[in-house]
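Sequences listed follow chains A and B, in order.
Just so you know, we're using this note's numbering here: the first sequence kicks off at 670 and counts up by one.
Just so you know, we're using this note's numbering here: the second sequence kicks off at 670 and counts up by one.
Hints are computed from structural coordinates only; laboratory data are not their basis.
Among the hints, erroneous ones may be present.
Identical copies carry no separate label here, and so any pair may be met within one copy or between two of them.
As a list, the in silico DSSO-like pairs of lysine-lysine whose alpha-carbon atoms are at most 27 Å apart [said to hold, decoys possible]:
| id | residue 1 | residue 2 |
| --- | --- | --- |
| 1 | K834 | K948 |
| 2 | K788 | K770 |
| 3 | K756 | K779 |
| 4 | K788 | K834 |
| 5 | K948 | K779 |
| 6 | K986 | K948 |
| 7 | K902 | K696 |
| 8 | K986 | K788 |
| 9 | K985 | K779 |
| 10 | K779 | K834 |
Number of protein chains: 2
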Amino acid sequence: MALYVQKFGGTSVGTVERIEAVADKVKSFRDAGHDIVVVVSAMSGETNRLLGLANAIMDEPTPREMDVLVSTGEQVTIALLSMALNKRGCAAKSYTGGQVKITTDETHTKARIRSIDEKNMRADLDEGRVVVVAGFQGVDEYGNITTLGRGGSDTTGVALAAALKADECQIYTDVDGVYTTDPRVVDSARRMERITFEEMIEMASLGSKILQIRSVEFAGKYNVPLRVLSSFKDGPGTLITIEGDEKMEQPVISGIAFNRDEAKLTVQGVPDIPGIASKILRPISDANIEVDMIVQNMGADNHTDFTFTVHRNDYKKAKVILDDVCEVLGAREVSGDDKIAKVSIVGVGMRSHAGVATQMFDSLSDEGINIQMISTSEIKISVVIAEKYLELAVRSLHSSFDLSEATEA
Amino acid sequence: MALYVQKFGGTSVGTVERIEAVADKVKSFRDAGHDIVVVVSAMSGETNRLLGLANAIMDEPTPREMDVLVSTGEQVTIALLSMALNKRGCAAKSYTGGQVKITTDETHTKARIRSIDEKNMRADLDEGRVVVVAGFQGVDEYGNITTLGRGGSDTTGVALAAALKADECQIYTDVDGVYTTDPRVVDSARRMERITFEEMIEMASLGSKILQIRSVEFAGKYNVPLRVLSSFKDGPGTLITIEGDEKMEQPVISGIAFNRDEAKLTVQGVPDIPGIASKILRPISDANIEVDMIVQNMGADNHTDFTFTVHRNDYKKAKVILDDVCEVLGAREVSGDDKIAKVSIVGVGMRSHAGVATQMFDSLSDEGINIQMISTSEIKISVVIAEKYLELAVRSLHSSFDLSEATEA
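Start from the sequences, fold in the hints, and give me the full structure.
What follows is the structure, encoded as structure tokens:
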């Protein structure tokens, strides 16, 4: 008999029929004797409808009132799901964030959770009720309604699991787990039974957008076992857990992430003096352009080349800015390419294995793929290549690192 | 400089444009230096949308969860109206019922207000803010969300006005005041400047459905001056106040109410023994049929005739029930008529004037209108007549009691 926190997103509760299906799923866990806390998002489309109303009034609506407005979305869902459970003879009670109460700081529209009072939920669980909590919302110390920002319902789920010391926080999504890479690119991509928090963070930030990074970090910090499962079909999903847990040996590489929407920009022949990186990137960030990879090489004659990547949509805007910067700095020229892609291999196991980078570069070289940029972290190696080679590179690496085989138990 | 509680119903806030118009109106009072607490309903249609979702799940949804669900309707409106006020440079802050806090009993979907904490609202008013409160809702002592049932937003407005000792509770509607009778029937019907609470209750229950009776009773009990005004055009509306206030003399009759959707049923030749009324009406109320007027006359030979009126839609159902009852009681027969109407004259002044009834009956008699039933209260005389005479009767009485003339100051 376990205590599970189960989180269902907007798509999973997007219609009355889907809410009924969620109720069936929750009831099956309850019937098996488990204690269940359910966290739900607003029905898909509802948050956008509410934002539309607000934006019809103001371009930048009062943040406090935005939170009062959009928090109604989850409140509708908790009521409907509780009804659907009650209809099934499964006693359930809904809680808004304020009713729990989930106390946050006062940063409206992107508040951070400060504390959770688990007393009332615990009392309901002890009396055999399913507890249905509105995700994404809380109250500040003065009782003002706050929301946690994008992905906030995942964060609520993890935070409740931590507060209740739940056995698992189960995140139900439209995929049935985390895969070694995108199955649309590699047929033999395999659902992982487990992945570490660190690997998941690297996979997520590289475009495997199953979970919000923030909730994964949060789960890692409080050591809450996270499980990603499908709302729509049964299956064990993927467990996200701390490193080395119960495992004989880590696979060297766990998965391959990629991102095709990148563009790179290079300022060539920049005088190699302190503060030059900031002089180049400040105008870019001032223009609200997000920078991904950054590479700077030693150059000759006290000059260097400075390269970074941005989202492809920002390429032209960034190029114009850099042309100005180039002139001011007395650099030689700005070059760029908006037909590139990034491929990354991710794995906690690479820490203890020499030669992983070599194997990656050899594998790409064997296919005649030129590597334009390289960037590494403790558990990840990323390369930038021409976009046309993306699928070939991913398949080649997936095969080279034996990811198709069931290397796990 | 006064403190006004201003209540706007669902139609008045039914679209973003109308919410903006309400904001303009509120701001004009604020700019004139008054303190304002606004009470709003859900945008028209929203409550029905939410009920539709609930009913798609359950025929009789869990009352506690119904309140969680439908209370989101007003929460959306308070946020949008506060934004619209802020946009106009008019500082505003929204409050859910729970945030106020408005404490109720635990009767979900038709809770009664127990207490109101005016501390937070007062602090905001003192700092120059408009306070925007969600009507229709509160919380019980355990923090569960409750709703007040139909017309609950009017009740919220009156209750807040009482708690804050406001100078007036202004109810904005789609009419510009209370009229001596329906202007669609009598061209010269006149907006009343004042009406007493008691008269208003009699007018309301007789079909002048401007205000919920409950809120008028509540206002009378706590001596809160109520004013009915139009949301859509300017004007002083009608003040509903305690009897005799500032007036030299009451007019004998204040207004004429009527109801055309009635039907009457008579059980003839009923044995005149104790408990007979209950034996006849119990099956009717068990069938959820509401009874309006009841008249029983002394009869001959220990037998009596028992007559009552119901809504016309319930006529056939009631007839079938009575036919059974008639047989059980050994009554002679059941007769009925679903082409009747009720006309009532209402006025606090009739208490001190003999001859009002005579004047009414004479006036109808002069037009050749036969009176089928009569029922009286302290400040009201109602008659049932054939429906075809309704307009004629109302016009004749309106003229007979000089209601067209501006008898008030």
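Is it within, between, both, or neither for K985 and K779, if the alpha carbons may be no more than 27 Å apart?
neither (30 Å within a copy, 60 Å between copies)
Regarding K986 and K948, is the shortest C-alpha distance of 27 Å or less found within a copy, between copies, in both, or in neither?
Within one copy, since 17 Å is at most 27 Å while 85 Å is not.
For K788 and K770, with the copy left unspecified, which applies at a CA distance of at most 27 Å: within, between, both, or neither?
Intra 9 Å, inter 22 Å, cutoff 27 Å: intra and inter.
How would you label the pair K986, K788 (within, between, both, or neither) given a Cα cut-off of 27 Å?
The answer is neither: 52 Å in one copy and 52 Å across copies each exceed 27 Å.
Within, between, both or neither, where K902 and K696 count as close if Cα-Cα is 27 Å or less
within (15 Å within a copy, 54 Å between copies)
Evaluate K788 and K834 at a C-alpha cut-off of 27 Å and name the case that applies: within, between, both or neither.
Classified as within: same-chain Cα gap 13 Å, cross-chain 38 Å, threshold 27 Å.
At most 27 Å between alpha carbons: which applies to K834 and K948, within, between, both or neither?
For K834 and K948, the Cα distance exceeds 27 Å both inside one copy (47 Å) and across copies (62 Å).
Under a CA distance limit of 27 Å, which applies to K779 and K834: within one copy, between copies, both, or neither?
The answer is within: 25 Å in one copy meets 27 Å, while 38 Å across copies does not.
Checking K756 and K779: alpha-carbon separation at most 27 Å within a copy, between copies, both or neither?
For K756 and K779, only the inter-copy Cα distance (22 Å) is at most 27 Å; the intra-copy one is 35 Å.
27 Å Cα threshold - placement of K779 relative to K948
neither (30 Å within a copy, 64 Å between copies)
Hints 1, 5, 8, 9 from the list above are not met by this structure, while the remaining hints are.
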